[in-house]
Amino acid sequence: MSEAAREGIGQPVRRKEDFRFITGNGHYTDDISRPRQTYAYFLRSPHAHARIRAIDTSAAETAPGVVAVFTGRQVADDGLGGLICGWTVTSKDGTPMKVGPHPILALDTVRYVGDHVAMVVAETLAEARAAAELIEVDYEALPAAVSLGSCQKPDAAQVHPEAPRNTCFEWELGNKAETEAAFAKAARVVKLDLTNNRLIPNAMEPRAAIGEYDKGSGIYTLHTTSQNPHVARLVLSAFVGVAPEHKLRVIAPDVGGGFGSKIFIYAEETACVWAAAKLGRPIKWTADRSEAFLSDAHGRDHLSHAELALDADGKFLGLRVKTIANLGAYLSTFSAAVPTYLYGTLLSGQYDIPAIYVEVDGVYTHTAPVDAYRGAGRPEATFLVERIVETAARETGLDPADIRRRNFIRNFPHQTPVIMNYDAGDYQASLDAALEASDYKGFAARKSEAAKRGKLRGIGISSYIEACGIAPSAAVGSLGAGVGLWESAEVRVNPTGNVEVLTGSHSHGQGHETTFAQLVASRLGIPLSNVEIVHGDTDKVQFGMGTYGSRSGAVGMSAIVKALDKIEAKAKKIAAHLMEAAVEDIAFENGAFTVQGTDKSLAWAEVSLAAYTAHGFPSGEIEPGLKEGAFYDPANFTFPAGAHVCEVEIDPDTGIVEIAKFVAVDDFGTIINPMIVEGQVHGGIAQGIGQALLEHGVYDPASGQLVTGSYMDYCMPRADDLPSFTLGFTKTVCPSNPLGMKGCGEAGAIAAPPAIINAVTDALGIRDIEMPATPARVWQALQSAAPRAAAE
Amino acid sequence: MEMSGEYRIPAPREDVWAALNDPEVLRQAIPGAESVEKTADDEFEAVAKAKVGPVSARFKGKVKLTDIDPPNGYTISGEGNGGAAGFAKGSAKVTLTEIEGGTLLAYTVSAQVGGKLAQIGQRFIDSTAARMSEEFFDNFSKLTGGAKVEAEPSGELPEIVDEMQHGIPVKSPDRDAISPTGVPLMPDEEAGFSLSPWLWGPLLIIALIVLLWFIGF
Chain H
1 MSEAAREGIG
11 QPVRRKEDFR
21 FITGNGHYTD
31 DISRPRQTYA
41 YFLRSPHAHA
51 RIRAIDTSAA
61 ETAPGVVAVF
71 TGRQVADDGL
81 GGLICGWTVT
91 SKDGTPMKVG
101 PHPILALDTV
111 RYVGDHVAMV
121 VAETLAEARA
131 AAELIEVDYE
141 ALPAAVSLGS
151 CQKPDAAQVH
161 PEAPRNTCFE
171 WELGNKAETE
181 AAFAKAARVV
191 KLDLTNNRLI
201 PNAMEPRAAI
211 GEYDKGSGIY
221 TLHTTSQNPH
231 VARLVLSAFV
241 GVAPEHKLRV
251 IAPDVGGGFG
261 SKIFIYAEET
271 ACVWAAAKLG
281 RPIKWTADRS
291 EAFLSDAHGR
301 DHLSHAELAL
311 DADGKFLGLR
321 VKTIANLGAY
331 LSTFSAAVPT
341 YLYGTLLSGQ
351 YDIPAIYVEV
361 DGVYTHTAPV
371 DAYRGAGRPE
381 ATFLVERIVE
391 TAARETGLDP
401 ADIRRRNFIR
411 NFPHQTPVIM
421 NYDAGDYQAS
431 LDAALEASDY
441 KGFAARKSEA
451 AKRGKLRGIG
461 ISSYIEACGI
471 APSAAVGSLG
481 AGVGLWESAE
491 VRVNPTGNVE
501 VLTGSHSHGQ
511 GHETTFAQLV
521 ASRLGIPLSN
531 VEIVHGDTDK
541 VQFGMGTYGS
551 RSGAVGMSAI
561 VKALDKIEAK
571 AKKIAAHLME
581 AAVEDIAFEN
591 GAFTVQGTDK
601 SLAWAEVSLA
611 AYTAHGFPSG
621 EIEPGLKEGA
631 FYDPANFTFP
641 AGAHVCEVEI
651 DPDTGIVEIA
661 KFVAVDDFGT
671 IINPMIVEGQ
681 VHGGIAQGIG
691 QALLEHGVYD
701 PASGQLVTGS
711 YMDYCMPRAD
721 DLPSFTLGFT
731 KTVCPSNPLG
741 MKGCGEAGAI
751 AAPPAIINAV
761 TDALGIRDIE
771 MPATPARVWQ
781 ALQSAAPRAA
791 AE
Chain C
793 MEMSGEYRIP
803 APREDVWAAL
813 NDPEVLRQAI
823 PGAESVEKTA
833 DDEFEAVAKA
843 KVGPVSARFK
853 GKVKLTDIDP
863 PNGYTISGEG
873 NGGAAGFAKG
883 SAKVTLTEIE
893 GGTLLAYTVS
903 AQVGGKLAQI
913 GQRFIDSTAA
923 RMSEEFFDNF
933 SKLTGGAKVE
943 AEPSGELPEI
953 VDEMQHGIPV
963 KSPDRDAISP
973 TGVPLMPDEE
983 AGFSLSPWLW
993 GPLLIIALIV
1003 LLWFIGF
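Order-wise, the sequence lines are chains H and C.
Position one of the first sequence corresponds to residue 1 (my numbering), numbered consecutively onward.
Position one of the second sequence corresponds to residue 793 (my numbering), numbered consecutively onward.
One should not assume that every hint holds.
Label-pair restraints from in silico Cβ distances [as the list claims (entries may be wrong)]:
{"#": "1", "chain 1": "C", "residue 1": "S827", "chain 2": "H", "residue 2": "A238", "range": "52 to 62 Å"}
{"#": "2", "chain 1": "H", "residue 1": "G280", "chain 2": "C", "residue 2": "P815", "range": "46 to 56 Å"}
{"#": "3", "chain 1": "C", "residue 1": "S796", "chain 2": "H", "residue 2": "S724", "range": "42 to 52 Å"}
{"#": "4", "chain 1": "C", "residue 1": "S827", "chain 2": "H", "residue 2": "H246", "range": "56 to 66 Å"}
{"#": "5", "chain 1": "C", "residue 1": "E826", "chain 2": "H", "residue 2": "G280", "range": "40 to 50 Å"}
{"#": "6", "chain 1": "C", "residue 1": "T900", "chain 2": "H", "residue 2": "A177", "range": "54 to 64 Å"}
Under 8 Å between C-beta atoms, here's a sample of chain H residues computed to sit facing chain C [what the hints assert, rightly or not]:
{"#": "7", "residue": "P46"}
{"#": "8", "residue": "H47"}
{"#": "9", "residue": "V113"}
{"#": "10", "residue": "F293"}
{"#": "11", "residue": "S703"}
Hints were generated in silico from the structure; no laboratory data involved.
C-beta: ideal position from N, C-alpha, C; glycine also.
Chain H extracted, bound-state conformation (with noise of 0.2 Å):
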């Protein structure tokens, strides 16, 4: 094999980029210092809920080292407006949301515990945070609402003025009528109350920012732990209003993971780069750990009540939802998108559901913001459907697989009730695939067998379906979006005929520089050492929308062809002149251009060069140099689908869940690089585990304090919680992209929660039990199902 097909399309080539984190030479944001560069140290409300009467900083202003406090008073002052979120959802009633200010410092009220009071900046970090001991604020604690299922009651405390009842909107998705009339010629009703928990991202790195402002120049400079620097920029400059967008400059370094936590405009980094323009100093903060669990905005929380109705059959016939979403103390940058449009457009899952009809509240708490965490609304969604139809299977007496088949989606294009045209999948492909890899067929002898060892065990299957590569523009723009969500790129050929490639995606842990060269290196022939991927730097690439909802692949690489498409043709062109032909008899492959029917032959380099060269370009024809770029904005969302099945063991004496298999079967259509495609799948298992197992975000409800704020209280899944995955693809190709991708990056987190909490209500012989199905809760499940065990 060429060196050009082991790196090409559909090779598992080693990341270019693991050399430098393996080997400490990343370098992220904290890493980066700057002259004369000061700390910040952020003092953050112990109160849910507060009245702050008084704050008094003198005695930290004239403490060692500080160099100055700021409270919410100053920021006002300046005129700095507050942190929005970017996308608008509308009422049931016509309304808009109903949106409270979200301030970068408190001014005069604090809603939830971690709510950012004031900034110390010092010359040193432990300068800023002793300061910050001393700065004494007098507050009025007030009760909190904190319970999902009663912070919309009439008594209970109101977390916005603007919002009665904490009540943010209202929406409803689907045609309700039709839904109804389903119902009502239903054999059998399927109901099942579903809670889906809320998780906190913890991403290894924490986030972290630098600000810094030139003097000279009038240039601002903002380091930050983002998934899309240009969106920072757009929102710091447009709506913060804290510099003109051209005068802001943000740089995402290497960012150690996001998961959707660091798509988000905070107001540590606002905080930062304005302040570093009041004091002409560099500022630079990190969050500790302590702070992460309190402020990074927190995923899931949704309260669910479901209904599914069936024929005698066992055909669907209508879906109905109420689901009560978290949306926290404010909206955070995509809060309202993601339990409207990201959920309830996916409740079809991989069924022909004929009706659908969903409610969504989405509601106000005195906890932190609760924004898109890993999946992002879809996995509320694959958890709901792949749950009650699991129930349906149950209550019927079909076989889990069984009613799943019958229910598939099998013609292509097909418009579900809400919203989403699905363009390609084959879902029993996947289905059969998995059941095939997973031994279906000799569960029940492996469930005899662990019963003679004492050990309960079950299998869970979840058919799985999300809409990624977001998004068509002007779909999300008719959704309420304030933004586009094509991407951009920028193909620049070097004289020496290697390549940079400037890119609105970012690459935080996904190994963009490693596929994406795969892709240029491939189509121009050229070793994958000779491409250079550049991203997260809005002075390098012009525009992007950056990296969620598995996107880059599908829509990120799709600008990259787009490009090529460009930087080829005006390449043949250059060749063409060189070897004086014709451009339409020009064939360029293997990195060599050749005129058809002859011996003529001109390599990569020797265009490239020419391009720069120019010389005895006929002129007005040809122009000097070889750059293209391009704008992608995709036709259709991409539907990732398959099928996942868990095989769980249950030790009744001590409630601990073993996962004895789990089999993962996806259609990701094209794979550019299979190796990252499984790493991707296998981390989205990991968290998935986490969810349905070990992790849960918890308020305590009086208070609000969060009592699972640090790694003695919030279960991370680590190594040995962990089976080994059995993996496998299925393959129907995206007709909406010139690559024929579809995403990979969340569907482990997505599909594995449903497959999960099956397997193990099917080992208790129970209907259902809450995530995370922790050995207490699974115990407590048993000892409640006891007499019907013994019955068994």
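Assemble the complex: chain H is given as a structure, and chain C must be docked to it using the hints.
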């Protein structure tokens, strides 16, 4: 969080009542108390330091007495602030009953903690409170009746509490050392010394308990 308990104090009820209202007795009895001042007939202000190994935190608290019914008891409520360490607030109903050979003091505490105290320390509070209460009553009893009290705490103490209270020795003052949680060690402004969150958590609990005494007694 709710806590309750009973103690037999070998002193007459009037003496116990007087001691409960005497700032100096309270200062001597409360572990770590620096000052206890009576600011009004029904109000105290107090400052206490809690120390574990090289780290100390200083708490300021205010309490107010209500339902004063001498010598049968009172309700005491208030709050204390430990800066970035967080806060504690709550109330306690204290009743004194004459019994053979002394006084039975019964209390019901309802308390709430916030900030780092809640984020890191919540789960250790109950057991540590029981331990600290022993120390207080030991002191209090000596100051009032001179004899050791017979405690009737509400629960057993896990062994870990001892280690928690006395701290795990900090072996290295190296600021760059990595703590077990992988986060940078927290500096102590007084000693220029470092302590990991593993130790910081327990310290906060101790500080909290000192506070609870202000609140409760």
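Hints, verified against the model:
no. : hint                        : result
1   : S827/C / A238/H: 52 to 62 Å : 54 Å, holds
2   : G280/H / P815/C: 46 to 56 Å : 50 Å, holds
3   : S796/C / S724/H: 42 to 52 Å : 51 Å, holds
4   : S827/C / H246/H: 56 to 66 Å : 58 Å, holds
5   : E826/C / G280/H: 40 to 50 Å : 41 Å, holds
6   : T900/C / A177/H: 54 to 64 Å : 57 Å, holds
7   : P46                         : 3 Å, holds
8   : H47                         : 6 Å, holds
9   : V113                        : 7 Å, holds
10  : F293                        : 7 Å, holds
11  : S703                        : 5 Å, holds
Hint violations for this structure: none, all hints satisfied.
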